[in-house]
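Put together the whole structure using the sequences plus the hints.
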Amino acid sequence: MTDNGTPLLQMRNIKKDFFGNQVLTDINFTLGAGQVLGLCGENGAGKSTLMKILFGMDVIRETGGYSGEILIDGKPVAFHTPFDALTAGIGMVHQEFSLIPGFTATENILLDREPQKKTILAEVFGDRLNTLDYKEMDRRAAAAIQKMGVAIDPNMTISSMPVGHKQFTEIARELSKDQLKLLILDEPTAVLTEKEAEALLESIRNMAAQGISIIFITHRLHEILAVCDKVVVMRDGYVVQDVPAAGTSVEDITRWMVGRDVQSSSAQTAVQIKNTSAKTIMSIQHLWVDMPGETVRNVSLDIREGEILGIGGLAGQGKLGIPNGIMGLYEAGGTVEFDGKKIPLNSPRKCLDASLAFVSEDRREVGLLLDESLEWNVAFPAMQIQNKFLKNLLGGLIKWRDEKGIRSVTQKYIDQLQIKCTSSKQKAKELSGGNQQKVCLAKAFALEPKFLFVSEPTRGIDVGAKALVLEALKQFNRDSGVTVVMISSELEELRQTCDRIAIISGGRVAGILPAAASSEEFGMLMVSQVK
Amino acid sequence: MSQKKNALAGKKALELLSGNAVPIMFIIICAIFIPLAGFSPSYLLNEIITRMGRNLFLVLCLLFPIMAGMGLNFAMTLGAMGAEIAVILVADWQIWGIPGVVLSMILSIPFSALLGFICGTLQNMSKGREMITSYIINFFINGWYLLIVLYTMGPIIPIIHSSIMLPRGYGIRNTVSLLNMRQCLDDLLAIRISGVKIPVFTFLLVGLLCLFIVWFRRTKLGQDMRAVGQDMQVAKDAGINVDRTRILSVVMSTVCAGFGMVIYLQNIGNLPTYTGHSQIGMFCIAALLVGGASVEKATIGNAFLGVTLFHLMFIVAPSAGKVITGDSMVGEYFRVFLSYGVITIALIMYEAKKRMEKSRAGQELAQAQKEEEAAQ
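For the record, the sequence lines run as chains A and B. Residues in the first sequence are numbered consecutively from 1, following our numbering. Residues in the second sequence are numbered consecutively from 1001, following our numbering.
Since the hints were made in silico from the structure, they are not lab data. A portion of the hints provided could be inaccurate.
[Unchecked claim] Calculated pairs, EDC-like style, for lysine to aspartate or glutamate (alpha carbon to alpha carbon, straight line, at most 20 angstroms): (1) Lys-166/A to Asp-1327/B; (2) Lys-1236/B to Asp-112/A; (3) Lys-388/A to Glu-448/A.
On a predicted model such as this, the values are computed, not experimentally measured, just so you know.
Listed below in structure tokens is the structure:
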């Protein structure tokens, strides 16, 4: 695609530093009307920061602004708030949903932009006493959904929608803004099922055909190749590649992102088949878990001592419910035996006392104390549960924190997992997603458990960090003999890491295969009971 | 198959029961007390209708802050205080009858709006703890009210007639007689059906407020309030001025409470200067909750049902208590204790219901699994 005249968006020499820490250096690129730009890069490469600048988010201004120029239709612009960006025709769909749960899709699409009918009281008390024009609302919402090209029910309330439809509602909301020229999608497919993701890609093509430019951020590189006109690859705050998508491949992009060759991801056949007669360390019988969107029904599973068991399956089929249910985070029933002893369900403390540990997929809410230092994050559970890092004074009457021990153990994991941080005193919320994930792992390792659940350890983190995290898990399993159950939606990484892989479909175990089984076999199991 | 259907119907009935536990409990209490008290039906009906006219307007004003997600507005008492100041002034100016009532309502607007604004602003500073804040604000503003009525009325705010002043020369008497204003709204267009007096005009006013509430839900401001009530952050990101919307909902509530208090006082016919407002908030909230409302959801229907049941209990409890124990004070004690109990239950239920819903979904899952195993 060639663009005539001025491109819609030009970014010139954008620079940004956070308190002397340079995160963006000389960013330059252009985007024509109706073009789709795929933006990729490792975590911490500066993608999010760049989009925050473009969208005028408060955090940029609060941290000293940026330098460089943004031009829209050839005119320089400076956004002070997201609302300025909205008026200029920029829409953004964030990773976290921003929807009112009790409202219908229509009400959410037109939130605060509802068409109104004049009333007499409004003449006296102001426009907010105008009544809403429900017919016009229905029409506009329907038009926006039409424009998007994915059918969602405009009258369904958000709280009863599947997660994919919520995402589409957000997109429709941006599309309902008449002035929309540029839409930023920040990892929109992360929460979608494969089918929904395909529908989204289709709708991206649709929108582009209607002249809307799109910046598409994703870690799923094949999606970029499928819909984008050009690819911009960022690394360490620089744009390292700016090329048409047509001539590239997933391997090229990966190489540019990490700046080195990542070993091609084929199933590792060299995994030595571990002694299959090893004793069963955990036996799960008739487990049900009531986790919204990840319901588990009647799962029975035996886990052998010392193995890495993978649990895979499509999103929303219940694979996440298994560890969350066993560890007592969601209501569950059935029996779970660990090391010959029954583990009471719905009681996180009892699980932890039994030397089980869990790295949650929800690292921000469950996994981390965001406002505390890394030291605290790493040592806190061990301190709480096992009385580690505590010095007893006065015969145990007063317990004192062993700051030195905490620091050294944190430093050990920072080195081992290559956590990028200024010091072990840095706050957890200041780290990027991938590094936060590593802290979560360190936290679980510090507990020195006998059994570890790891849920989506690589979700939202980049290729380089991914390899490191997986290697750390393997090493932990090998060196300490810890049984690991790893839950992931990415089959390839399960096949690289695990000994056996159980596939969950429709809330049930569809089958258990060795890692060396072919992708087709896994694929059949994954869709076997999808409802 | 039919067994399954029955089980389903049974489950639904059970849900209906547990969802309306509080109103059902009160229906049972009333059903036991009414025959014990031995009042004639026409007396009971008369009393109920009088009390509905007296209280409904006050109870309905609680709906606005609930819509905006601010919970039960204990600070509706502020509106009552505003109305009392207005009524004292109007009584002193000796403007009686309908003009007096109308003037009191108009005069109460600036007082209650100002107090509502203060309350809303303070509640915005304590998001998530609106109810306890509004409750404590009552005590704080009550101090101001006492200051105004006890010390400034007379020396600073001119009071013409010594009949409403304390003998010492300043401050207002414990009771201000509103005899010349008594039931003038209720008597307007009133009709009697076999001995039961129906205050048509008062009910018209209540009906008007109901219509306003229904209409208000469809306005931009109403929609904004509902959005703010469900998720403040999302509403803010969409461009809604959250703080202002919340303040408006409290101001609307206190202003309506002011009108409601004037209606209440004209029905009673005198103003207990220092105690008139003290229980209003508590009783109105209790009434609304008895009608099946919760902290986050209340309808006009809840208000009507609640006022009926709560006051039915109020009427019959003393007599029933006397029959049972020989002492009417027991019944008196019983009704106060019950209204506090109801509020406590409602506040606990708010959290418990969420948890119960969660565990119910789990039980359904376990049940389905059991059935499946049995089928195999």
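Tested hints:
1. Lys-166/A to Asp-1327/B: 62 angstroms, violated
2. Lys-1236/B to Asp-112/A: 10 angstroms, holds
3. Lys-388/A to Glu-448/A: 11 angstroms, holds
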